[in-house]
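*Asks:* Sequence:
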Amino acid sequence: MSLQAQKVSESKQEFMKKTTGNALTITFQGQEKNVMAVLDQKIRAATNEKHKSKSGFHYIEGAVFPEVSPNRLDYYYRVERASRKSSSKSRVKLFVYAGNNYVSTWAGYCD
1 MSLQAQKVSE SKQEFMKKTT GNALTITFQG QEKNVMAVLD QKIRAATNEK
51 HKSKSGFHYI EGAVFPEVSP NRLDYYYRVE RASRKSSSKS RVKLFVYAGN
101 NYVSTWAGYC D
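1 is the number of the first residue of the sequence shown in this note's numbering; add one for each residue after it.
In short, the hints are calculated from the structure, not lab data.
One thing to keep in mind: the hints can contain errors.
[As the list claims (entries may be wrong)] Pair ranges (Cβ atoms, derived):
hint: 1; residue 1: Thr-19; residue 2: Ser-53; range: 17 to 25 Å
hint: 2; residue 1: Val-8; residue 2: Ser-88; range: 14 to 22 Å
hint: 3; residue 1: Glu-61; residue 2: Lys-85; range: 19 to 27 Å
hint: 4; residue 1: Gln-29; residue 2: Gly-99; range: 31 to 39 Å
hint: 5; residue 1: Gln-6; residue 2: Gly-99; range: 25 to 33 Å
Backbone N, C-alpha and C define an ideal beta-carbon position, used for all residues, glycine too.
My request is simple: use the sequences and hints to build the entire structure.
*Replies:* See below:
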């Protein structure tokens, strides 16, 4: 299985209903359950970590995800329907922490 992003943007988003932080929003072709299954499979294969869940987000903490960054980072993500009108596209909101701080920009953390 594979995922190919249709659209990617970086913006301030609500995080766990308590705060806001910078997030990557990535739109994929496919239903939520299918995108989630492929995303979980890719993350587990890359990090050897199984995600946990909290406040509607899946997360892995202190993980090295070689395709993203050589640094140990915390990844929080949620998959949701991209549009109320269509179930054929899904949106992934991805928040990344470096220690206790949001990664405010991707520069410096990713190769």
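*Asks:* Each hint needs a verdict: does it hold in this structure or not?
*Replies:* Quick rundown of the hints versus the structure:
1. Thr-19 to Ser-53: 17 to 25 Å: Holds - the Cβ-Cβ distance for Thr-19 and Ser-53, about 18 Å, lies within 17 to 25 Å.
2. Val-8 to Ser-88: 14 to 22 Å: Check passed, 18 Å falls within 14 to 22 Å.
3. Glu-61 to Lys-85: 19 to 27 Å: Distance hint for Glu-61, Lys-85 is violated at roughly 36 Å.
4. Gln-29 to Gly-99: 31 to 39 Å: 34 Å, holds
5. Gln-6 to Gly-99: 25 to 33 Å: 32 Å, holds
In summary, the one numbered hint that this structure violates is 3.
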